[in-house]
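Chain order of the listed sequences is A and B. When we follow numbering that gives the first Met the number 0, the leftmost residue of the first sequence carries the number 0, and every step to the right adds one. When we follow numbering that gives the first Met the number 0, the leftmost residue of the second sequence carries the number 0, and every step to the right adds one.
No lab work stands behind these hints, which were simulated from the structure alone. Keep in mind that the hints are not guaranteed to be accurate.
[To be verified] Cut-off 27 Å, straight-line C-alpha distance, at most; resulting in silico cross-link-like pairs (BS3-like, lysine-lysine): (1) B/6 - A/385; (2) B/91 - B/108; (3) A/330 - B/6; (4) A/385 - A/305; (5) A/330 - A/385; (6) A/330 - B/91; (7) B/108 - A/97.
[Claimed, not checked] Reference excerpt, derived from the structure (chain B facing chain A, CB under 7 Å, subset only): (8) 8; (9) 10; (10) 16; (11) 24; (12) 62; (13) 71; (14) 102; (15) 104; (16) 105; (17) 106; (18) 125; (19) 154.
We put the beta carbon where it would ideally sit given N, CA and C, even for glycine.
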Amino acid sequence: MIWLLLYLLVFLVLGMALALALTESPTLPLHELAARVLAFGLGGVGLCWFWLSMIGLAPSRLGGGIIAIVAIALIAVLVGRGRKLIAARQESSTSSRKMILVFVLLLPALLGLAIVSVHALGHVWYEWDGYLLWGMKTRAVTTDPLATADYFHNPHFLPLHQRYPLMVPFVAAGVNGFTGNIEDVLVKAVFPLIYIALLLMLYAGMRDKLPAWRAALLLSLFALMPALARWAGTGMADVPLSMFHFGAVLFIVRWAASNQPRHLVQAMFFATCCLFCKREGIALMGLFGGGLCVVALARRDIKRLKWFPVFFAVAIGVATPWFLFASTLPKVPIYVPAITITEIPWSRLPLILEQMWSYVGDWRSWNGLWFVLPVLAVATARRSGKVQILVLWSFVLAHFALYLYVYMICPGNWDILVHRTQPRLTLHVAPVAMLLVAHHWAAAMPSKEAMDSDADKPADAPTDAVRT
Amino acid sequence: MDEQSVKQIDRGITTVFVALLLFGVWHSVTGVAFNRDMLGAKTAGSAVDEKLESDRFDRVYLPAIDDLFRRLAPDGNLFIHFDGIDPAKDGKQIYVFFMRAAYVLHPRKVYVAPPDTPLTDAESIIANNSLPDDEWLRLHGIHYVMTFFYEDGQIQRTARRVETVPQ
């Protein structure tokens, strides 16, 4: 257990260093600071393990020590140059009654955490894809550096997608590296942590628009979604991708309001993590690019498009070592040749839409999210702010269009693929949809409460106000 | 829209969210999200053997299946021989046995075919699954051979230590 806590410390130290380097403001609200430190730490540690493994050092206490020392050195340098990052004092008139209300509304989220923890720590890695795709890779990168790991070149394991990105395996392998064993169960301790990071990021995003009690209510609604609680602790890469994807979208949306380059830099960091988390991350880069264009057009500020090449250069540049390594790995002969991206079998469209609707339309699995969102959008259409909501809607709709297109061109048993993947793939965009719900709800708030909520914000918080 | 109407709409939205949250809590507590079968992992016993022979691989039995592989192959690498197993009928078992064993025993290796053979499904495993001689087994660090075979229409298993490997 002590080693597990030390590993957590590595996340926090590296996360703090990255937050210090990338954050736009010296003061952040505590929830915002916690969200960024944890999310940056998770992504940063995964990338660091990969780079260390590339030079011959598999995840270990020594490697963890190196990451921590480099992070502390970075913190020292940044602090020496006058950078600060402290939790902002909340100078609002938050009464103890309101605090109790927020606490009570957050209790269901704790129940969600308990469910996810039982999935993660109550059992071995049990999902077929979980242990074959991610568990196996976790063990492979634990015992050998990438250059010598037999797993990645073993033709016995061709169907296990040896080219899949390694963010999740490396983050989990750090547990093995720190305990010194190949853990059957404890290795999955990182998944509740990723779930917490996702919730903190979402809460931070919603607090841009909503007072604490409303954000807490929506957060608990999200945290308890069976579709999320079902998968977050199982050891799949979908919830980690949801977290990084949400981070990228959140900071693009904030950039839309603030035009602060550091918001975009943080979006770049999360976009890079998406690339290194799941292969869908490559497609999501297209959506991020589209999102930047929507921001520039909606703001009627074409100058913002200068960031377009920078965004891609940084994200792809950081991920290049991964792409180079992956290009040396065997291809999967059973799927790749059959994909054609130009010939679209349109006859599938109604059947795929019907299948997708059967999952998205199951209101119990999503706690009503996909019904509430359009109804709320219509109900608050006249009062909604334009740019941020437009950007968020672009992301949600483009996301579904992208996966619809993938299902359309998918070779072989596409109906089985839709059946097996749709619930997990919809998770990737669910946090963005919940943030959109928060934006629409904010538009329907009574003006007094909206003003109270504004008073709670730090001075530099994004200010694309509810009624722009 | 006047402020009174805004308040009414806001109250309506809040009520819907609270109702959905209460429903979500109920859903979770009663087990829809929880998968209550997750709570009790089964230990080794006759039920585990039954599961090994059935076509279902219930997740609660996985720890016991893992223990089985560890028990029957406590050291060295493992060769799994599917003696006469029909991939058309029992393809899933073939694939699960091999993959779960490979996962559980890592970094020890599990062989079902010569190391350079691409394996993509149960058919390709069976096509390359001839039992090598003990010299080949010894050269590949294989200490145990596990054999699956049919008996009375059911899949049975046996394990032996390779004779040329010192005790």
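Structure-based check of all given hints:
no.: 1; hint: B/6 - A/385; result: holds, 22 Å
no.: 2; hint: B/91 - B/108; result: holds, 21 Å
no.: 3; hint: A/330 - B/6; result: violated, 59 Å
no.: 4; hint: A/385 - A/305; result: holds, 22 Å
no.: 5; hint: A/330 - A/385; result: violated, 45 Å
no.: 6; hint: A/330 - B/91; result: holds, 23 Å
no.: 7; hint: B/108 - A/97; result: violated, 58 Å
no.: 8; hint: 8; result: holds, 5 Å
no.: 9; hint: 10; result: violated, 9 Å
no.: 10; hint: 16; result: holds, 6 Å
no.: 11; hint: 24; result: holds, 5 Å
no.: 12; hint: 62; result: holds, 5 Å
no.: 13; hint: 71; result: violated, 17 Å
no.: 14; hint: 102; result: holds, 5 Å
no.: 15; hint: 104; result: violated, 10 Å
no.: 16; hint: 105; result: holds, 4 Å
no.: 17; hint: 106; result: holds, 4 Å
no.: 18; hint: 125; result: violated, 14 Å
no.: 19; hint: 154; result: violated, 19 Å
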